[in-house]
Amino acid sequence: MLSRVAENIYWVGRYLERAENTARLLAANAALHLDLPRGITPAWEPLIAMAGAQDLFEAQHSDYSEPEVIRFMLGSEQNPSSILSSLRAARENARTIRDYMPREAWELINKHHLDAGERLDEGLSKRGRHEYLKRIILTTQTLNGMLAGTMNHDQGYHFLLLGRNIERADMTTRIIDVRTDGLLPLENSGLQAFETLQWVSLLRSLSAYQMYRRSMQARVRRGDVLLFLFQSADFPRSIRHNLCNIERSLKTLPNHESAIRILYQAKSRILSTPVEKMPCAPLHHFIDQVQIALDRVHDEISSAWFLPPH
Amino acid sequence: MKNIDWKTYEAGKVWDELIDTENRPRPHGEQLARLLAGMDADELASRQTAADLAIKEMGITFTVYSDETRGAIDRTWPFDIVPRIIAKNEWDTIEKGLKQRVTALNRFIDDLYHDQEIIRAGIIPREIIASSSNFRPQCVGISPRFGVWAHICGSDLVRDRDGTVYVLEDNLRVPSGVSYMLENRLVTKRVFPELFEDYAPLPVDDYPSQLYDALAALSPRDIEYPEMVVLTPGVYNSAYFEHSYLAQQMGCELVEGRDLYVDGDDCVYMRTVGGPARVDVIYRRVDDLFLDPEAFHPDSLLGVPGLLRAWKAGKVALANAPGAGVADDKVVYSYVPDIIEFYLGEKPVLPNVPTWRCMEPEALADTLANLENRVVKPANESGGYGMLVGSASTEKEREEFAKRLKQDPRNYIAQPVLGLSTVPTIVEKRMEPRHVDLRPFILSADQQQVTMGGLTRVALRQGSLVVNSSQGGGSKDTWIVPLR
Chain A
1 MLSRVAENIY
11 WVGRYLERAE
21 NTARLLAANA
31 ALHLDLPRGI
41 TPAWEPLIAM
51 AGAQDLFEAQ
61 HSDYSEPEVI
71 RFMLGSEQNP
81 SSILSSLRAA
91 RENARTIRDY
101 MPREAWELIN
111 KHHLDAGERL
121 DEGLSKRGRH
131 EYLKRIILTT
141 QTLNGMLAGT
151 MNHDQGYHFL
161 LLGRNIERAD
171 MTTRIIDVRT
181 DGLLPLENSG
191 LQAFETLQWV
201 SLLRSLSAYQ
211 MYRRSMQARV
221 RRGDVLLFLF
231 QSADFPRSIR
241 HNLCNIERSL
251 KTLPNHESAI
261 RILYQAKSRI
271 LSTPVEKMPC
281 APLHHFIDQV
291 QIALDRVHDE
301 ISSAWFLPPH
Chain B
1 MKNIDWKTYE
11 AGKVWDELID
21 TENRPRPHGE
31 QLARLLAGMD
41 ADELASRQTA
51 ADLAIKEMGI
61 TFTVYSDETR
71 GAIDRTWPFD
81 IVPRIIAKNE
91 WDTIEKGLKQ
101 RVTALNRFID
111 DLYHDQEIIR
121 AGIIPREIIA
131 SSSNFRPQCV
141 GISPRFGVWA
151 HICGSDLVRD
161 RDGTVYVLED
171 NLRVPSGVSY
181 MLENRLVTKR
191 VFPELFEDYA
201 PLPVDDYPSQ
211 LYDALAALSP
221 RDIEYPEMVV
231 LTPGVYNSAY
241 FEHSYLAQQM
251 GCELVEGRDL
261 YVDGDDCVYM
271 RTVGGPARVD
281 VIYRRVDDLF
291 LDPEAFHPDS
301 LLGVPGLLRA
311 WKAGKVALAN
321 APGAGVADDK
331 VVYSYVPDII
341 EFYLGEKPVL
351 PNVPTWRCME
361 PEALADTLAN
371 LENRVVKPAN
381 ESGGYGMLVG
391 SASTEKEREE
401 FAKRLKQDPR
411 NYIAQPVLGL
421 STVPTIVEKR
431 MEPRHVDLRP
441 FILSADQQQV
451 TMGGLTRVAL
461 RQGSLVVNSS
471 QGGGSKDTWI
481 VPLR
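Residue numbers (the numbering used here), protein chains in the order written: chain A, 1 to 310; chain B, 1 to 484.
Because the hints were derived from the structure by calculation, they are not lab data. Ideal placement from N, C-alpha and C gives every residue a C-beta, glycine not left out. Do not rely on the hints blindly, as some may be mistaken.
Stated by the list, open to error - Examples of chain B residues lying across from chain A (beta carbon under 7 Å, computed):
#, residue
1, Gln248
2, Glu253
3, Arg271
4, Gly274
Kindly produce the complete structure, drawing on both the sequences and the hints.
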């Protein structure tokens with residue numbers, strides 16, 4: 001398989017996953033908003049921080065108001081990680097590999113991007129937002145299912161999975177990061193009663209609430225939530241699960257030794273870290289380390305199989 | 001709702017492919033005419049809508065360039081559901097003529113890059129070749145396999161008022177359109193299945209496997225599964241849909257220049273996730289001058305440095321061969337009947353359109369005096385760009401064109417305005433005649449194959465003679481049917 005094609009498929013996987021996770025995060029934040037007592041609003045700034053786009057945002061906006069943040073994350077052309085930008089990038093990458101993908105999958109990616117643009121106003125309105133985000137998530141899931149069910153499970157498919165799993169692991173760490181840090185003004189505010197709500201909301205951002213309940217059989221507590229999201233072997237959005245998927249895909253590819261080595265380092269580090277006991281600051285630092293490790297896996301994939309830069 | 005009444009169909013003054021001058025269907029079109037007449041206008045319109053929808057869903061597109069959108073946009077392929085029918089016995093003659101023509105053209109190209117006997121024999125003036133923008137000195141002395149340079153040729157045919165079929169031009173560089181020919185048949189089957197009850201048009205869908213065989217025959221390595229690729233300029237090229245379609249149909253890789261490189265052993269490799277893989281045959285859809293920055297345009301990003309070197313060393317086959325476009329020149333076109341005589345000792349089966357070479361002073365004077373009744377074309381453009389259709393021009397346009405013509409007569413030819421034949425076409429629930437041409441594709445390698453029919457392009461605007469999709473043209477399914 002051509003290196004360029006492998007690279008494009010990988011990015012299709014990443015961008016679709018990015019769009020879906022951004023939609024999940026926005027949906028959960030909006031829902032949390034409705035649960036909190038009047039006068040207390042969840043901060044929107046961390047969402048921008050999560051995308052690493054503070055500079056970009058602040059260059060155009062004077063404050064982090066809800067409508068501005070939503071618009072920026074949903075449909076801003078300037079924000080390369082907005083849902084619309086991600087879908088456009090997924091489509092552009094898919095366009096160049098139409099001969100690799102089942103026809104219906106290309107048609108759905110194309111439609112996904114067009115729909116997201118055409119219905120943007122709906123997504124920006126408070127009433128339509130829930131439906132809009134739900135549709136983004138559902139369509140992406142439909143696509144994932146369609147590709148799983150109709151595409152050859154060959155090298156190309158594994159590059160798609162690599163892109164998806166690396167992005168998913170990365171997004172999961174980002175979501176945990178913003179959700180454990182500064183989301184609610186908890187200190188001295190008499191809002192401790194709402195702490196559980198915050199953790200429920202974190203789980204919901206990852207569609208993990210129900211599965212957490214089933215597998216942990218515990219009430220929603222910080223330590224257990226972190227343990228579940230980092231180390232669950234069963235939950236498909238946990239870091240551990242993603243790393244195992246990455247490992248499986250890597251092993252199907254030729255010349256995978258050095259990428260596997262990098263992955264093992266990351267994996268053993270993550271699995272041996274007692275995240276459940278970590279206070280905020282060390283946890284934040286640890287998440288940084290995980291993201292750096294994921295970047296290294298990406299770099300390794302890129303140098304092993306993608307086209308060399310011009 | 002009213003049904004179609006062929007009695008009121010106004011075929012106009014030209015040859016209509018379905019209805020004769022007495023408003024009766026031609027023999028091969030009787031059942032089609034009857035079937036269409038049995039449908040009311042709404043029924044027809046709903047079939048057309050179904051076809052348009054199918055095309056949209058199937059994602060059949062072409063790309064047009066536009067300044068307004070700052071780049072390229074994907075348009076769906078305009079298609080009319082009424083097929084164009086040609087009787088098999090007539091087609092047999094056309095097919096014979098096309099094979100003869102392409103055989104002679106390949107001999108001609110091979111000769112030009114070797115001994116130039118045709119010039120020495122005084123048949124073609126040397127200056128035509130010397131001044132041809134498509135002659136590649138880099139190709140002199142090269143001998144591609146089977147002596148074939150133009151492996152894929154798309155020749156444009158038109159039928160004049162009296163029913164004579166002429167060759168309008170030969171496209172020997174990177175002719176496109178064959179994917180639409182194939183898709184048109186699929187769409188017709190989908191939306192008009194009843195038609196196939198009365199007719200069994202000869203199938204067209206073996207083209208990809210014929211193309212595959214022709215390309216495989218060129219492989220420099222004698223191996224069972226030569227590595228073949230389709231080289232595309234990329235996603236913004238107007239024919240990208242076709243490039244990806246053909247790669248898909250042949251089951252070979254669709255590559256861009258950056259996917260390939262030429263190594264020290266002069267072999268071409270593609271960069272794959274398993275490491276370098278040697279490439280044997282490249283069906284290139286990139287123009288000559290962009291193929292290899294070492295040999296041609298140094299700033300081309302589309303090409304592969306060293307590709308010409310690899311080709312010259314016989315380590316890779318290129319289809320079409322670089323330099324084949326020299327016979328694409330419209331001034332050369334005017335000599336094709338002589339070329340056929342010279343190499344094959346035969347009379348041409350298919351006539352050329354009468355052509356004046358503006359480089360000849362008398363022809364230039366005649367052309368300038370009769371611009372209103374001439375089609376004047378630049379020698380080396382394609383896609384219908386830069387030409388003047390005298391009968392459809394304003395006086396100001398003619399004046400400006402005359403200036404250009406006088407400045408560079410070598411670069412122009414003139415032809416009479418032909419009365420391109422028409423085919424009934426659905427226009428706002430009515431049948432109206434629209435002008436068509438026909439582009440069959442001829443494959444040449446160890447053997448020759450001609451597509452069964454070709455791509456019928458139709459000028460959708462009333463009275464228009466311009467069929468190019470980039471300029472408002474559409475297409476029709478083309479049927480070759482045996483007469484019972």
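Taking the hints in turn, this is what the structure says about them:
{"no.": "1", "hint": "Gln248", "in the structure": "4 Å, holds"}
{"no.": "2", "hint": "Glu253", "in the structure": "6 Å, holds"}
{"no.": "3", "hint": "Arg271", "in the structure": "4 Å, holds"}
{"no.": "4", "hint": "Gly274", "in the structure": "4 Å, holds"}
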